[in-house]
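K.L.:
Sequence:
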Amino acid sequence: MHRKNIILIVLSFLFGISTSFMNLDGENVNKNVSTTGNLSFSITTSTTGLNFAPKHVVAVWIEDESGDFVKTLKVRANYQINYLYQWKNSSSSNTVDAITGATLTSHQTHNLTWDCTDVSGNVVIDGTYKIRVEFSEKNGQGPYTQYTFIKGATSNELNPADETYFKDVSIVYTPDATTVEDVDASDFVSIYPNPASDFVVLSCKKPINGITIYNMLGQAIDADIVKNNQFEYRISFKKEISSGVYFYKLNLQGASKVGKFLIEFNRL
Numbered sequence: 001m002h003r004k005n006i007i008l009i010v011l012s013f014l015f016g017i018s019t020s021f022m023n024l025d026g027e028n029v030n031k032n033v034s035t036t037g038n039l040s041f042s043i044t045t046s047t048t049g050l051n052f053a054p055k056h057v058v059a060v061w062i063e064d065e066s067g068d069f070v071k072t073l074k075v076r077a078n079y080q081i082n083y084l085y086q087w088k089n090s091s092s093s094n095t096v097d098a099i100t101g102a103t104l105t106s107h108q109t110h111n112l113t114w115d116c117t118d119v120s121g122n123v124v125i126d127g128t129y130k131i132r133v134e135f136s137e138k139n140g141q142g143p144y145t146q147y148t149f150i151k152g153a154t155s156n157e158l159n160p161a162d163e164t165y166f167k168d169v170s171i172v173y174t175p176d177a178t179t180v181e182d183v184d185a186s187d188f189v190s191i192y193p194n195p196a197s198d199f200v201v202l203s204c205k206k207p208i209n210g211i212t213i214y215n216m217l218g219q220a221i222d223a224d225i226v227k228n229n230q231f232e233y234r235i236s237f238k239k240e241i242s243s244g245v246y247f248y249k250l251n252l253q254g255a256s257k258v259g260k261f262l263i264e265f266n267r268l
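For the sequence shown, our numbering gives the first residue as 1, with consecutive numbering after it.
Treat the hints loosely; a few may be bogus.
Computed beta-carbon distance windows for the label pairs [unchecked claim]:
| hint | residue 1 | residue 2 | range |
| --- | --- | --- | --- |
| 1 | Lys206 | Ser242 | 29 to 35 Å |
| 2 | Phe231 | Tyr147 | 36 to 42 Å |
| 3 | Glu240 | Asn78 | 58 to 64 Å |
| 4 | Asn78 | Glu163 | 22 to 28 Å |
| 5 | Gly101 | Pro193 | 53 to 59 Å |
Dumping the calculated DSS-like pairs for lysine-lysine here, alpha-carbon to alpha-carbon at most 27 Å [claimed, not checked]:
| hint | residue 1 | residue 2 |
| --- | --- | --- |
| 6 | Lys138 | Lys55 |
| 7 | Lys167 | Lys88 |
| 8 | Lys55 | Lys88 |
| 9 | Lys260 | Lys205 |
| 10 | Lys138 | Lys206 |
| 11 | Lys167 | Lys205 |
| 12 | Lys88 | Lys138 |
| 13 | Lys227 | Lys238 |
| 14 | Lys206 | Lys227 |
| 15 | Lys238 | Lys260 |
| 16 | Lys138 | Lys74 |
| 17 | Lys55 | Lys130 |
| 18 | Lys74 | Lys88 |
| 19 | Lys167 | Lys130 |
| 20 | Lys227 | Lys205 |
| 21 | Lys167 | Lys55 |
| 22 | Lys260 | Lys227 |
| 23 | Lys55 | Lys74 |
Source of the hints: derived by calculation from the structure; they are not laboratory data. All figures in this text were calculated on a predicted structure; none of them were measured in a lab. In this text, a Cβ means the ideal position worked out from N, Cα and C, and glycines have one as well.
Generate the whole structure from the sequences, applying the supplied hints.
P.N.:
In structure tokens form, the structure reads like this:
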């Protein structure tokens, strides 16, 4: 089989898989994919009939699989905000990008969206996430619940069963459509040295959410990625890999770029 045909097969494979890559947040390496996408969440709350009902405070927020806070989607509360115990313990009252406002006077349907970013504006890694909801109609802990969904390269839709105080739940996660641009990416990316040996320096014109390095079999390889500055990254390779053609895949906002480079080890 000609090398050109092999390269085309590998490139087709790269755009059809979801695998781990290096997240470029500062100098830390996170070997996980960060697919851009959008979550639509709808829920209707129902009164407990206690104390101040139907007036109530309410919070909706996102946590990761480990229970770590990601982002608040909505908080409606005035003085009774302190009774949103679950939300306060998780978020430390962080409301970056959240819908906020006064205590609600009646129960309603909450239609919310999440762009899959954290409070710093970074796209979060793919995996299992929790949507947590809490409200209170009294000076104390009120009802709360949570729903899980998987964020990744595949869309999914969930309609959990009604609970006593939480009904008509709809969860729709949709990954962004990925636009494949120039394979060589020569107008967008520069990479040197090429051929490379121990490392390459990759410079780009736009922010990158992540980089994956693949071999000719379409397998992701281990590499150390360090951010030199806003648009330049140094990629160091392990000595275990072989000389040959390799590919880089850049995960951008709503698009991907793929290019190839050569590694030549001069081993005695």
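K.L.:
Evaluate each hint against the coordinates.
P.N.:
Hint-by-hint comparison with the structure:
| no. | hint | verdict |
| --- | --- | --- |
| 1 | Lys206 to Ser242: 29 to 35 Å | holds, 31 Å |
| 2 | Phe231 to Tyr147: 36 to 42 Å | holds, 38 Å |
| 3 | Glu240 to Asn78: 58 to 64 Å | holds, 60 Å |
| 4 | Asn78 to Glu163: 22 to 28 Å | holds, 26 Å |
| 5 | Gly101 to Pro193: 53 to 59 Å | holds, 56 Å |
| 6 | Lys138 to Lys55 | holds, 9 Å |
| 7 | Lys167 to Lys88 | holds, 23 Å |
| 8 | Lys55 to Lys88 | holds, 19 Å |
| 9 | Lys260 to Lys205 | holds, 17 Å |
| 10 | Lys138 to Lys206 | violated, 50 Å |
| 11 | Lys167 to Lys205 | violated, 47 Å |
| 12 | Lys88 to Lys138 | holds, 16 Å |
| 13 | Lys227 to Lys238 | holds, 18 Å |
| 14 | Lys206 to Lys227 | holds, 14 Å |
| 15 | Lys238 to Lys260 | holds, 18 Å |
| 16 | Lys138 to Lys74 | holds, 19 Å |
| 17 | Lys55 to Lys130 | holds, 26 Å |
| 18 | Lys74 to Lys88 | holds, 13 Å |
| 19 | Lys167 to Lys130 | holds, 17 Å |
| 20 | Lys227 to Lys205 | holds, 14 Å |
| 21 | Lys167 to Lys55 | holds, 18 Å |
| 22 | Lys260 to Lys227 | holds, 20 Å |
| 23 | Lys55 to Lys74 | holds, 16 Å |
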